[in-house]
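Chemist: Take a look at the letters that make up each chain.
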Amino acid sequence: MHEINLLSHKRETRSKRVVTILRVTSIASLVIVFLSSLILFLVQLQSPLGSLQKEEESLLLRLEQSKEKIEKFIVMQDRLKNISPILKKRSLLYESIDFITRQISPGVSMTTFSISKDILNVGLYSQSVLAANTFFNKIQESVEKKQVLTKATLDNFVVDKEKSAYIFSIKADLIR
Amino acid sequence: MEASNALFKQLRKIYAKYKEYIVPAFVLVACLLLVIFVIIPQTRNLIETKEKEEETKARIRRLKENINFISSIDEKIQDKEFQLLLRALPIEKDYVGIITAIVSASQQTGVGIGDFSFQIGSLSSDTIQEATTISFTVTLHGGIDEAKRFLRELENTLPISDSETIKFESLSTSVAVSFHYKPFIPQIIDYRTKLEPFSKQDRELISTISAW
Numbered sequence: 006m007h008e009i010n011l012l013s014h015k016r017e018t019r020s021k022r023v024v025t026i027l028r029v030t031s032i033a034s035l036v037i038v039f040l041s042s043l044i045l046f047l048v049q050l051q052s053p054l055g056s057l058q059k060e061e062e063s064l065l066l067r068l069e070q071s072k073e074k075i076e077k078f079i080v081m082q083d084r085l086k087n088i089s090p091i092l093k094k095r096s097l098l099y100e101s102i103d104f105i106t107r108q109i110s111p112g113v114s115m116t117t118f119s120i121s122k123d124i125l126n127v128g129l130y131s132q133s134v135l136a137a138n139t140f141f142n143k144i145q146e147s148v149e150k151k152q153v154l155t156k157a158t159l160d161n162f163v164v165d166k167e168k169s170a171y172i173f174s175i176k177a178d179l180i181r
Numbered sequence: 124m125e126a127s128n129a130l131f132k133q134l135r136k137i138y139a140k141y142k143e144y145i146v147p148a149f150v151l152v153a154c155l156l157l158v159i160f161v162i163i164p165q166t167r168n169l170i171e172t173k174e175k176e177e178e179t180k181a182r183i184r185r186l187k188e189n190i191n192f193i194s195s196i197d198e199k200i201q202d203k204e205f206q207l208l209l210r211a212l213p214i215e216k217d218y219v220g221i222i223t224a225i226v227s228a229s230q231q232t233g234v235g236i237g238d239f240s241f242q243i244g245s246l247s248s249d250t251i252q253e254a255t256t257i258s259f260t261v262t263l264h265g266g267i268d269e270a271k272r273f274l275r276e277l278e279n280t281l282p283i284s285d286s287e288t289i290k291f292e293s294l295s296t297s298v299a300v301s302f303h304y305k306p307f308i309p310q311i312i313d314y315r316t317k318l319e320p321f322s323k324q325d326r327e328l329i330s331t332i333s334a335w
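Protein chains in written order, with our numbering: chain A, 6 to 181; chain B, 124 to 335.
There's no promise every hint is true.
[Unchecked claim] Part of the chain B face toward chain A, derived, beta carbon under 7 Å:
| # | residue |
| --- | --- |
| 1 | 138 |
| 2 | 163 |
| 3 | 169 |
| 4 | 172 |
| 5 | 174 |
| 6 | 215 |
| 7 | 305 |
[To be verified] The calculated PhoX-like cross-link candidates involving lysine-lysine, where the alpha carbons are at most 20 Å apart (straight line), are:
| # | chain 1 | residue 1 | chain 2 | residue 2 |
| --- | --- | --- | --- | --- |
| 8 | A | 21 | B | 142 |
| 9 | B | 175 | A | 15 |
| 10 | B | 199 | A | 59 |
| 11 | B | 136 | A | 77 |
| 12 | A | 59 | B | 175 |
| 13 | B | 142 | A | 59 |
| 14 | A | 74 | B | 142 |
| 15 | B | 187 | A | 72 |
| 16 | A | 93 | B | 175 |
| 17 | A | 77 | B | 199 |
Worth flagging that the hints you see were computed from the coordinates, not collected in a lab. Where a beta carbon is used, it is the ideal one built from N, C-alpha and C, also for glycine.
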């Protein structure tokens, strides 16, 4: 009995081509997947991560042996970090005192004095109104030039007739 | 039973008709699944491993630098500077250091001191983290010039101090001075953090303080 192929020749050829393409693609995919896995496995195997981690551990152990030195170093850094701004902000009141005492002209003497970071109060005594005036002018000049003082007020001015003297006090704001 | 036999026969027919397509298609699908569930995750792992390698190498470099730096520190000099800085800014209220500084300033300048008082506050360790002060008020025998001399000397004495107020009346002067201290909060040391050597300004500061 002869087999009669009722499929047209064209359709048979196309069908065979599709099967061939499928076969080739599947084999190629298998090969690619296999090779990729193998390469990835080999690369992962050669990774030096393990030995690097061991090296890191051993270096950490070495550093721990110098723990005391490192702790001292850290404390020193902390102290230096805090000392520097403290020194920069120090008020150095005696510099303000120096300035004020330089303004006190001959014939004027100080009776009371108080100074803080912001305010100055000076009690003065003079037997010469000219000397007192010279002192006021110097204070006014320093306020205008913003030297040490920003504001000055004559708080009190009393004439002591018995002693022919003038008692006065100045209150001033200091430049910070 | 007959229904399942019929189904089985149908499946065999389909398989016989399409067997040339089924196997390659199955292989393709399997490869696709392998790529999605094996190759891609493995590649991601490999990239992460490489990143970890670089990070570990960077940490190793820092550790080696720290080891070299710490080895270069002379222990004796470090001890000396350590004690100096602790005297300059104590970690707790240093009443002995303060009284010694006041007495020393008085002796150096020849300015007599009378009473002094101080604000005690808490005698136990503080939980504060910022630098803070103890305030001392000292009566000096003398006037403004003596106060200036005394404070100028005290300014260059440890622990670090700051004059707050000066009051002169009659023949005596009282000065209020704040002495600084700052508790040190112990920390867990991270050896992997790079230790930076002291800067030029730090060295100058140590040199300035050591001259006091």
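Chemist: It remains to establish, for every hint, whether it holds in the given structure.
Modeler: Status of the hints after comparison with the structure:
1. A hinted interface residue such as residue 138 of chain B counts as satisfied when its beta carbon comes closer than 7 Å to some beta carbon of chain A; here the least separation is about 15 Å, so the hint is violated.
2. At its closest, the beta carbon of residue 163 of chain B sits 10 Å from a beta carbon of chain A; the interface hint therefore is violated under the 7 Å criterion.
3. At a threshold of 7 Å, the smallest CB-CB gap from residue 169 of chain B to chain A is about 6 Å, leaving the interface hint in force.
4. Of the supplied interface hints, the one on residue 172 of chain B holds, with its beta-carbon coming within about 5 Å of a beta-carbon of chain A, less than 7 Å.
5. Interface hint status for residue 174 of chain B: violated, as the beta-carbon distance to the closest one in chain A is roughly 10 Å, over 7 Å.
6. Annotation: interface hint on residue 215 of chain B violated; nearest CB of chain A at approximately 13 Å, more than 7 Å.
7. The criterion of a C-beta within 7 Å of any C-beta in chain A is met by residue 305 of chain B, whose closest approach is roughly 5 Å, and the hint holds.
8. With a C-alpha separation of about 13 Å, the suggested pairing of residue 21 of chain A with residue 142 of chain B holds against the 20 Å cut-off.
9. Our distance criterion of 20 Å between C-alpha atoms is broken by residue 175 of chain B and residue 15 of chain A, whose separation comes to about 59 Å.
10. Taking the CA atoms of residue 199 of chain B and residue 59 of chain A, the gap is about 33 Å. The hint is violated against a cut of 20 Å.
11. A C-alpha spacing of about 86 Å is found between residue 136 of chain B and residue 77 of chain A, which places the hinted pair above 20 Å, so the restraint is violated.
12. Note on residue 59 of chain A and residue 175 of chain B: the hinted pairing holds, with a Cα-Cα distance of about 13 Å set against a maximum of 20 Å.
13. Taken as a hint, the residue 142 of chain B and residue 59 of chain A pair is broken in the structure, with Cα atoms around 55 Å apart against an allowance of 20 Å.
14. Taken as a hint, the residue 74 of chain A and residue 142 of chain B pair is broken in the structure, with Cα atoms around 78 Å apart against an allowance of 20 Å.
15. Of the pairs offered as hints, the one joining residue 187 of chain B and residue 72 of chain A holds, with about 15 Å between alpha carbons and a cut-off of 20 Å not exceeded.
16. Between residue 93 of chain A and residue 175 of chain B the alpha-carbon distance is near 45 Å, which puts this suggested pair outside the 20 Å criterion.
17. Distance check on the hinted pair: residue 77 of chain A and residue 199 of chain B sit about 12 Å apart at the alpha-carbon level, within 20 Å; holds.
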